[in-house]
Amino acid sequence: MSVTVPLIALRGVSKHFERHPVLDRVDLEIPAGRILTLIGPSGCGKTTLVRIALGLLQPDTGTVSRAAGLRIGYMPQKLVIDPTLPLSVGRFLQLAERDPATCRAALAETGIPDLWGRPVSALSGGETQRMLLARALLRRPDLLVLDEPVQGVDVTGQEALYALIGDLRQRLGCAILMVSHDLHLVMAATDEVICLNGHICCHGTPRQVSLDPAFVALFGQRQALYAHHHDHNHDDHHSHDHG
Amino acid sequence: MSLDFLYWAAAGGLGLAVLAGPLGSLMVWQRLAYFGDTLAHGALLGVALGLWLRIGGGTAVLFTCLGLAIVLLILERSRILAADTLLGILSHSALALGLVALALIPGARVNMEALLFGDLLTITPREVAAIWVLTTVALAVLGGLWTALISITVQEDLARVEGVRVGAIKAVYKLLLAAVVATGMKAVGVLLITALLIIPAASARRLARTPEGMAAVASALAALAVLSGLAASWWLDTPVGPSIVVVAAGLFALSLAVRPA
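Line by line, the protein sequences give chains A and B. For the first sequence, the numbering used here begins at 1 and goes up steadily by one. For the second sequence, the numbering used here begins at 1001 and goes up steadily by one.
These are computed hints drawn from the structure, not numbers from a lab. Incorrect hints may have been included.
A few chain B positions that, by computed beta-carbon distances, are all more than 10 Å from chain A [to be verified]:
1) Gly1056
2) Val1110
3) Met1112
4) Arg1126
5) Ser1151
6) Val1161
7) Val1172
8) Ala1179
9) Ala1231
Reference listing, derived: stretches of chain A covered by chain B, where coverage requires no fewer than 3 residues with Cβ under 8 Å from a Cβ of chain B [stated by the list, open to error]:
10) 19-29
11) 70-82
Taking lysine to any residue pairs in the SDA-like style, the calculated list, with each CA pair at most 25 Å apart, reads [said to hold, decoys possible]:
12) Lys78/A to Thr1210/B
13) Lys78/A to Ala105/A
14) Lys1170/B to Ile81/A
15) Lys1170/B to Leu56/A
16) Lys1170/B to Gln94/A
17) Lys1170/B to Ala1140/B
18) Lys78/A to Ala1138/B
19) Lys78/A to Ala108/A
20) Lys1170/B to Val120/A
21) Lys1170/B to Ala105/A
22) Lys78/A to Arg1031/B
23) Lys1170/B to Ala108/A
24) Lys1170/B to Arg98/A
25) Lys1170/B to Ser88/A
26) Lys78/A to Arg1165/B
27) Lys78/A to Arg1079/B
28) Lys78/A to Val5/A
29) Lys78/A to Gly1163/B
30) Lys78/A to Thr1147/B
31) Lys78/A to Ala1083/B
32) Lys78/A to Ala1140/B
33) Lys78/A to Phe17/A
34) Lys78/A to Ala1168/B
35) Lys1170/B to Asp1157/B
36) Lys78/A to Ser88/A
37) Lys78/A to Ala1011/B
38) Lys1170/B to Pro83/A
39) Lys1170/B to Asp154/A
40) Lys78/A to Lys1170/B
In this text, a Cβ means the ideal position worked out from N, Cα and C, and glycines have one as well.
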């Protein structure tokens, strides 16, 4: 796939629910091989935008084009399995890929090789996210779409998970579209940040965005300061101290 | 006295029981108990339509249930009301409408108890054959779609992104459910058919470690309930449908004592 053609391009995408506008003429290009993070307060339309990009939702106006033959690995925000459904981690992966060896390799890739037989209902937050990530990898994706990938994970686990995501990009060479509500968490793991609040307020490198007046207005000084603090540590990508 | 009727009853009931396992398990996982009830209540309207149009009761009920399932699919997609409220309204409206329609048909003499609670002992060989044809076809369809159905149950968006045809498969499943409700009505009646689908599946939860295991155990438990219910009805002279459901409920109570697998 050519590097110059965006994997997914959204042009002038608008969407409203009931009469409430959620997205207003949003343009977005997802280039190959880069990590792009969508950030914004809750209710700003991040998940809606991702769902439109994935084709799960149709925009009211605007167009979505995807590169031909694009393979997407998707990690949804929530996994709510009815407790009456008995399902092991291995079986969960085999819903997407029959071959058990491939599934086991994906579990190893995300650092949970020993959880094959564990019931999904018995997983911790971090283990659940890694299992979801493993399933997304089974598709051998050109693009990984991760909706709030560290949800329900403790702080140490969050850093480890972001480190893993950065690692995977290096190893697999896929692009990553990530959704987060917290810039300082994703600073180290992302190439480009897009700040969304119904429309795109600002975009650029994490550093640029953290200093952008629109971003500061949206998130207040606290996150901006966090971001600033990180700017001085940008050599040290995977071991920030959030203490 | 010939006991043939008892064997036919057992054969028909077992056909339904086998299918109740996988179909009922999916119902439990997807929380479709109310959906099943609505279809079952609509079956009564089908009986009235059959009498009115002078077509065979079985055919009229089948098409009414299938039609109702399609209406429900469309309504669900348009999100007019919360699904739960919508089904609550439709379910009881269909039941009431069916009862009123039956009362309005001149000269119609209907065995209401048989419609509401089933009449397995009067099942004809033809009806038994219909049940087994349905069971065979439905099991083949469920077998082919099984992984996709589980995938949809677990995470619908994920299944969709992975290329599963979610809308079509859900529609097929719900139409199958409608066909089973319409056919199973003979055995346990419109008020109890959901019970035959749901209770064995719920009982199987603690006895299984995989989705398929749960479906198989549910089939076995449903079969046990059908045979024991028939036996109880024979020896104690109790109505068959309720006897089957009472046994199923008893098995469920026992299953609670089992430590989760």
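Please work out if Lys1170/B and Ala108/A have their alpha carbons no farther apart than 25 Å. Violated, because 33 Å separates the two Cα atoms, which is more than 25 Å.
For the pair we were handed, Lys78/A and Ala1083/B, check the Cα-Cα distance against 25 Å. holds (21 Å)
Is the hinted pair Lys78/A and Ala105/A satisfied, with a Cα-Cα distance of at most 25 Å? holds (24 Å)
Quick one: work out the minimum CB distance from Met1112/B to chain A and report holds if it exceeds 10 Å, violated otherwise. The claim holds: Met1112/B sits with its nearest Cβ about 34 Å from chain A, beyond 10 Å.
Could you grab the alpha-carbon distance between Lys1170/B and Ala105/A and see if it respects the 25 Å cut-off? Violated, at about 31 Å.
Holds or violated: Lys78/A with Thr1147/B, Cα cutoff 25 Å? holds (20 Å)
Residue count check for the region 70-82 of chain A against chain B: does it reach three with CB-CB under 8 Å? holds (count 6)
CA of Lys78/A to CA of Ala1140/B, is that 25 Å or under? violated (32 Å)
Hinted pair Lys1170/B and Ala1140/B, Cα distance within 25 Å: Distance ~16 Å between Lys1170/B and Ala1140/B Cα, so the pair holds.
Hinted pair Lys78/A and Lys1170/B, Cα distance within 25 Å: holds (21 Å)
Measure nothing beyond the straight line between the CA atoms of Lys1170/B and Val120/A; if it is 25 Å or shorter, mark the hint as holding. holds (23 Å)
Do the alpha carbons of Lys78/A and Val5/A lie within 25 Å of each other, as the hint requires? Judged against 25 Å, a Cα distance of about 31 Å means the pair is violated.
Figure legend: structure checked against the earlier numbered hints; hints not met, in rising order: 5, 6, 10, 18, 21, 23, 28, 32, 37 and 39.
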